[in-house]
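Could you build the full structure based on these sequences and the hints that come with them?
Residue-level listing of the chains:
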Amino acid sequence: MSESPRPPHASPQPAPSPPPAFEPKILAYVCNWCTYLGADLAGTTRLEYPPNVRIVRLPCTGRIDFNLIVKAFEIGADAVLVSGCHPGDCHYSAGNYHARRRWILFRELLDALGFDLRRIHFTWISAAEARKWQQVVQEITEQTRKLGPYADLYAAANFKPLPAPAGNGQGFKTFAAEGELREHCRKLLAEGAVKVVIGYGAGGPVMVTKPEEADRLVWNNRCYPNLTTYLKRKEVNALGKPAVVVKPCDEKSLVVLENEAQIARQDIHVIGMACEGVGQPKCVHCATRTPRFADVALGQPAGPEPPASPSPNRFAALLAMSPAERMAFWAAEFDRCVKCYACRQVCPLCYCERCIVDRNRPIEIDPAPSVKGNFAWQIARAFHLAGRCIGCGECSRACPAGIDLALLNISLHVAAQKYFGFEAGMDPKAEPVIGSYALQDKEDFIR
Amino acid sequence: MSEILAQSALRALAAEWLAAGKRVAGPVRVKPDLVLYRPLRSADELLLDGFQRPANSIKEFLFPKAETLYSYRIVGSSIELVESQANLPDQILLAARPCDAAALPILDHVFNWDFLDAFYNRRRAATTVITLACAAHDESCFCTSVGLHPASERGADALLLDLGDGSFEVRCFTDKTRALFNGKTQKSPRSAKASAGPEKRFDPQQMRAFVTAHFEDPFWQEHSLACLGCGSCAFTCPTCHCFDIVDAGPTAGRARVRAWDSCQFPLFTAHASGHNPRPVQPARQRQRILHKFAIYPEKFGEILCTGCGNCARNCPVGLGVLSLLSETPHG
Chain A
1 MSESPRPPHA SPQPAPSPPP AFEPKILAYV CNWCTYLGAD LAGTTRLEYP
51 PNVRIVRLPC TGRIDFNLIV KAFEIGADAV LVSGCHPGDC HYSAGNYHAR
101 RRWILFRELL DALGFDLRRI HFTWISAAEA RKWQQVVQEI TEQTRKLGPY
151 ADLYAAANFK PLPAPAGNGQ GFKTFAAEGE LREHCRKLLA EGAVKVVIGY
201 GAGGPVMVTK PEEADRLVWN NRCYPNLTTY LKRKEVNALG KPAVVVKPCD
251 EKSLVVLENE AQIARQDIHV IGMACEGVGQ PKCVHCATRT PRFADVALGQ
301 PAGPEPPASP SPNRFAALLA MSPAERMAFW AAEFDRCVKC YACRQVCPLC
351 YCERCIVDRN RPIEIDPAPS VKGNFAWQIA RAFHLAGRCI GCGECSRACP
401 AGIDLALLNI SLHVAAQKYF GFEAGMDPKA EPVIGSYALQ DKEDFIR
Chain B
448 MSEILAQSAL RALAAEWLAA GKRVAGPVRV KPDLVLYRPL RSADELLLDG
498 FQRPANSIKE FLFPKAETLY SYRIVGSSIE LVESQANLPD QILLAARPCD
548 AAALPILDHV FNWDFLDAFY NRRRAATTVI TLACAAHDES CFCTSVGLHP
598 ASERGADALL LDLGDGSFEV RCFTDKTRAL FNGKTQKSPR SAKASAGPEK
648 RFDPQQMRAF VTAHFEDPFW QEHSLACLGC GSCAFTCPTC HCFDIVDAGP
698 TAGRARVRAW DSCQFPLFTA HASGHNPRPV QPARQRQRIL HKFAIYPEKF
748 GEILCTGCGN CARNCPVGLG VLSLLSETPH G
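So the sequences go chain by chain: A and B. FYI, in the numbering used here the residues of the first sequence are 1 to 447. FYI, in the numbering used here the residues of the second sequence are 448 to 778.
Each statement offered as a hint is correct.
Here are the simulated DMTMM-like cross-link-like pairs (lysine to aspartate or glutamate), alpha carbons at most 20 Å apart as the crow flies:
1) A/Lys187 with A/Glu213
2) A/Lys160 with B/Glu492
3) A/Lys160 with B/Asp491
4) A/Lys282 with B/Asp480
5) A/Lys234 with B/Glu663
6) A/Lys195 with B/Glu669
7) A/Lys241 with B/Glu669
8) A/Lys160 with B/Asp480
9) B/Lys478 with A/Asp335
10) B/Lys478 with A/Glu325
11) A/Lys234 with B/Glu669
12) A/Lys210 with B/Asp664
13) A/Lys232 with B/Glu669
14) A/Lys234 with B/Asp664
15) A/Lys71 with B/Asp694
16) A/Lys210 with B/Glu774
17) A/Lys210 with B/Glu669
Covered, in the sense of this in silico footprint (three residues per stretch, anywhere, with C-beta under 8 Å from a C-beta of chain A), are these stretches of chain B:
18) 480-489
19) 681-688
20) 754-766
What the hints contain is simulated information worked out from the structure, not anything from laboratory work. Remember, it's a predicted structure, so these values are computed and weren't measured experimentally. Glycine is no exception: its CB is placed at the ideal position from the N, C-alpha and C atoms.
Okay, here's the thing in structure tokens:
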């Protein structure tokens, strides 16, 4: 680029100019009916506000995809503002209530990921509040100017590892109910009550279709997988009515699947096994050793054997880090992600026919396992499970790169409990957290 | 007489190579229960024992999981293409497993068949592979079934064999490694004895005959129902090499990127019409085995598997080439 011509009044030998002051770029997603009109009014009433804000007008805050907030930072925004109608004023009645609930949860996920929350702003600005728009933009611009450019985004410097979760530590142990399980399944298949038993075999999950093969089933402390994930698989469904063997932790996914109309509970025979623990990180904090939703419960509930070493509370350790350290932690972890999608495939609640990352018109998430692509994918995966994840921990177990993905789900689980007293998979009648709202939903960050 | 190098001297050499600006990669303990091939930040990171094999493979140093083919810039009203950087540092893959190194001559065929793949070839030319013979094997290993063994020389520029006393016997096969180790080793009358490796589990010729003759067979349905359709087997396999070319938009750097793909994904064969010739997982599992034991051998005269067992170790539901093939009537 050529140098701009010197203005006539400039001195012939100018002093070395100071570096140009940092001018933040702020991306504002605003709703068409309130905030956009408020901003428009600010213009027509000649209210001055900094030109740093770029407005993207959307029909309603309720339809703002959470990915857009992440995308704003990825394309170079230093701060993001999301603004819509005041509660009660939504043009579509309830869009902003839905948005509020999503932001409450999404903000917690971004916090766990180490995003700088001082750069993410939410406001309600009505069509009449030109002055509020002016003030908000002035304040955000000033604040972001002080923060400087968002250089920490996806930066892997300052990496600190988390304490490792306790390993299995136990020798192989067959549980007493194994014989009972085989007998029960043999009978089910012989009587034709079910066509297939989805159970654990010596090497991994097995689909047993003949009564004489019931002895392939095992029940021991290596029964890791959450078998309810097979209920979404075409090839398995084609076999006919299934019986599925579940641990008390895993069966919660059935509650969510039924709640979301993905399964007809009466068409599935659920065999709940009283669990003594399978030595996974989740077992240390597990409070459900007895099946509650099963058609038949086998075995005697027993406390788990104490783990070889007490598991450090990984989530508390994550939150104890500074946001920059958290982001560095995830940047280093996601650097190993190869996008094999094992996390998605093992998840009983990831059942979309076509995942958002497999959609290519338009490409919403970079399909390559790049830094941005991996962040975008893991954010989308975690948030699509907000208030749905039942904490089976399969995503972490399946990851060949050893990324503790469940931590992201835990952040949303904790948030759903904290703000809405909601725990996924506990109540078949409960309304899903995302997709419902309450007028009295409380937050402390929307201006 | 054999050439001997102390473990401490090997580390010192690695440090020397790093200091000289080479990229040195080798097994690194990333987490208490996870060892991966990673670029070394220091020679101390290099892990030489106490594990079976890394959970990934060295292919990512020649065929990265995401490689920018070219990028573009918007200049005024036109678009300018930008070649991807051709300057790659020399890289040394140190203490790689023989089953990883053996994959490279296999991959060479496919990247130099009808089209000479400059991206792969330029990395290949800048790479030196120094393997470390396996002293032990686990239940997932099956290199002996595919014609290799724990001290196999295939694809390696040099092979290290543990003498059990804190030193290695060094066997150099190419000028690259003769130059690297020149003057660094000592002569010794001692020679290492390679481990025998796992028992042979199947015969690849018989497997080829079986999979070719049983394309339509309930076998595939029966033995791959548990497959969840993730790509962890393919992405950690030293020989799987399928890729997709994707356009990364403005958020991801305006580039055309080659990224790993896997035949285990439904999208891999999905047609624009909506038709999918491999509509269910058993068909995709069959494809993976067929490609490794029949299609690739037919085209290039060798099988597309080095028996490393990564597919089984990384499978969340305990499948893998070996478990599937041991279930065949010949297994």
